[in-house]
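First to last, the protein sequences are chains R and A. So for the first sequence, our numbering puts the first residue at 1; every next one is plus one. So for the second sequence, our numbering puts the first residue at 1001; every next one is plus one.
These aren't lab readings, by the way, just hints derived from the structure by calculation. Please note that a few of the clues may not be correct.
To be verified - Residues from chain A that keep clear of chain R, each with C-beta distances beyond 12 Å, as calculated:
1. Lys1018
2. Asp1021
3. Gly1039
4. Lys1131
5. Glu1177
6. Leu1205
7. Lys1212
8. Glu1233
9. Arg1236
10. Lys1238
11. Val1246
What the hints assert, rightly or not - For each label pair, taking beta carbons as the anchor points, the in silico distance ranges come out as:
12. Val224(R) to Lys1200(A): 55 to 65 Å
13. Tyr107(R) to Ala1123(A): 22 to 32 Å
14. Glu1223(A) to Lys174(R): 49 to 59 Å
15. Ile1079(A) to Lys174(R): 49 to 59 Å
16. Glu1106(A) to Asn11(R): 18 to 28 Å
17. Lys1002(A) to Glu104(R): 18 to 28 Å
18. Lys56(R) to Glu1194(A): 29 to 39 Å
19. Arg8(R) to Ser1211(A): 15 to 25 Å
20. Ser1084(A) to Tyr107(R): 40 to 50 Å
21. Glu1233(A) to Glu104(R): 50 to 60 Å
As the list claims (entries may be wrong) - Computed cross-link-like contacts, PhoX-like style, restricted to lysine-lysine with a CA-CA straight-line distance of at most 20 Å:
22. Lys45(R) to Lys61(R)
23. Lys1040(A) to Lys1002(A)
24. Lys195(R) to Lys268(R)
25. Lys59(R) to Lys1002(A)
26. Lys1174(A) to Lys174(R)
27. Lys163(R) to Lys1059(A)
28. Lys105(R) to Lys1105(A)
29. Lys1178(A) to Lys174(R)
30. Lys68(R) to Lys45(R)
31. Lys174(R) to Lys53(R)
32. Lys174(R) to Lys163(R)
33. Lys1040(A) to Lys1068(A)
34. Lys212(R) to Lys195(R)
35. Lys1105(A) to Lys178(R)
36. Lys1040(A) to Lys1081(A)
37. Lys163(R) to Lys1105(A)
38. Lys163(R) to Lys40(R)
39. Lys2(R) to Lys56(R)
40. Lys178(R) to Lys212(R)
Cβ coordinates follow ideal geometry from the N, Cα and C atoms, glycine included.
Number of protein chains: 2
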Amino acid sequence: MKVFFNGRIVNSDSPTIKALDRGMTFGDGLYEVIKVVNGKFPFIKDHVGRLEKSSKFFKIKFEYNLDKIEAIAQELSSINKIESGELFLEITRGADTIRDHIFEKEYAPTFLEVVQPLRRIDANLWQTGAKLVTYPDMRHGLCEHKTIDLLPNVLAKNYAHSKGGYEALMFRTKNGEKYVTEGGSSSYIFFDGEKIVAPKIDNILPSITRSKVLSIARSMGFEVIERRVWLDEVQRMKEVMLLSTVSKVMPVVKIDDMNFSFGSVTKKLMTAFEEMISS
Amino acid sequence: MKVFFNGRIVNSDSPTIKALDRGMTFGDGLYEVIKVVNGKFPFIKDHVGRLEKSSKFFKIKFEYNLDKIEAIAQELSSINKIESGELFLEITRGADTIRDHIFEKEYAPTFLEVVQPLRRIDANLWQTGAKLVTYPDMRHGLCEHKTIDLLPNVLAKNYAHSKGGYEALMFRTKNGEKYVTEGGSSSYIFFDGEKIVAPKIDNILPSITRSKVLSIARSMGFEVIERRVWLDEVQRMKEVMLLSTVSKVMPVVKIDDMNFSFGSVTKKLMTAFEEMISS
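Throw the hints in and build the complete structure from the sequences for me.
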């Protein structure tokens, strides 16, 4: 597989990154995952916009732009012969001359672009529904940005996987009460029988798939409420949906020992979101 | 500068790490910083022990051992002509074939070893004392391990630096009350006029310097108490000490607008710790 790294196209299997790249030593970087659908990159503008916004927040130099990034993605897609898969972007604050938390004044940021096959997802899950496993959200306070500091996410998702689940449903605790945040790499929305309920953006990612699906729901006439969702009330929800760039809209049929049905609201949103991606 | 990477000695400036190394994409790695003093590596056994313990916790394969690591360090120290500086170790869960949170069953872990000059520290600070700047502790729940998920630490330390400070003094909030945790790459202890008070290990690093200094203090006859230290009570402390592998024992003379004196307890512990390192 070929990848793009700081201006060159190299083998993913070759040495590429310097030992003291701050992505490697300090988690000092940001990323995006964009779907590749028939050689196109749905919502790439939103993803690059979010990356650029976060790079400003963390003051990491961002020397690329939408056109350049899309052109590289097309080249990689063509070289790697991947018409459907994932586009991964990463920027970091570059390599230090000696490792030190303090930023160097002059630095060349690292930019990485990868077009890879879709990760292993059982295609049946979109018909039969996913199982989730609850897990404490141990993440930092920077979760409104897609930083590469993902070890707590990795632990959550692998824990769920080890229990036969597709994803973790993470929760934080406030005054002894647990509330839903998101998954290792997914967000969740609920249908309570009347309205669509989405956990409010409060140290969780402003997910692009979530924003698209909620706008579809609103345009279909659903009332959408963004608020804290307590773990206790999840069992009373009629439908649960998992959202992410790679999972799109996926029905959830089980959370620990609670069962949910793959209902008509989920079906409607799945269909409408598929149409939005294809168009 | 030459570094050791997975069995080879390479230039720190050369491409070394694969694009999809999980250290780079997921913060899926651990590290240690060990002082280099006259070509020796004080407390290397403790550091390697902690690294090995954490690697078991995160189930990252650890294929090196103390003897190997020390032999490589000696070689790097000699090649780089660094008799006094820093030894940096890092292990990660290796490079993925395609980026996916889920662990691959077969993988070759990444092992990196760097001997570098001491980072930029104003030598006067050990005489005149350091200034700290308070900053919210936004870190994850895995701070008892030295993971490379350090972006919140990096922000804290750079914020302090931008305000003319040497380090951040981070605090978390419980029921509206702020308590001291640690620094971006340091820990703190206090002398309240009678006892040594150290923030208890509760999602903060079991620092090796801290453990050595507290054991020196006990052997000198000081009572040592490990408990939650509230930010409100810090101003009543008689002496404040900053501890880390590279800072050793450093007097703190200012935290935001609060002044402290470089007192006799700090002086005693500094001297005794220097003796311990040299011997």
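Reported absence of glycine 1039(A) from the contact zone with chain R (all CB gaps over 12 Å): At roughly 18 Å from the nearest Cβ of chain R, glycine 1039(A) sits farther out than 12 Å, so the non-interface label holds.
Consistency of beta-carbon spacing, tyrosine 107(R) to serine 1084(A), with hint 40 to 50 Å: violated (26 Å)
Straight-line alpha-carbon gap lysine 68(R) to lysine 45(R), limit 20 Å: At roughly 12 Å apart (the allowed maximum being 20 Å), lysine 45(R) and lysine 68(R) satisfy the hint.
Status of the stated non-contact between lysine 1238(A) and chain R (beta carbon gap over 12 Å): With a cut-off of 12 Å, lysine 1238(A) remains clear of chain R, as the shortest Cβ separation is near 29 Å.
Holds or violated: lysine 1040(A) to lysine 1002(A), with C-alpha atoms at most 20 Å apart: holds (18 Å)
20 Å Cα cutoff - pair lysine 212(R), lysine 195(R): Holds, because 17 Å separates the two Cα atoms, which is no more than 20 Å.
Consistency of beta-carbon spacing, asparagine 11(R) to glutamate 1106(A), with hint 18 to 28 Å: holds (20 Å)
Straight-line alpha-carbon gap lysine 1040(A) to lysine 1068(A), limit 20 Å: Holds, because 15 Å separates the two Cα atoms, which is no more than 20 Å.
Assertion that valine 1246(A) lies farther than 12 Å from chain R (Cβ): violated (10 Å)
Satisfaction of the hinted span 55 to 65 Å by the C-beta atoms belonging to valine 224(R) and lysine 1200(A): violated (44 Å)
Lysine 1174(A) paired with lysine 174(R) [C-alpha distance capped at 20 Å]: Given pair lysine 1174(A), lysine 174(R) holds - Cα atoms ~11 Å apart, limit 20 Å.
Holds or violated: lysine 195(R) to lysine 268(R), with C-alpha atoms at most 20 Å apart: Holds. Lysine 195(R) to lysine 268(R) sits at ~14 Å (cutoff 20 Å).
Comparing the model with each earlier hint shows violations of hints 1, 2, 11, 12, 14, 18, 19, 20, 21, 25, 28, 31, 32, 35, 38, 39, 40; every other hint is respected.
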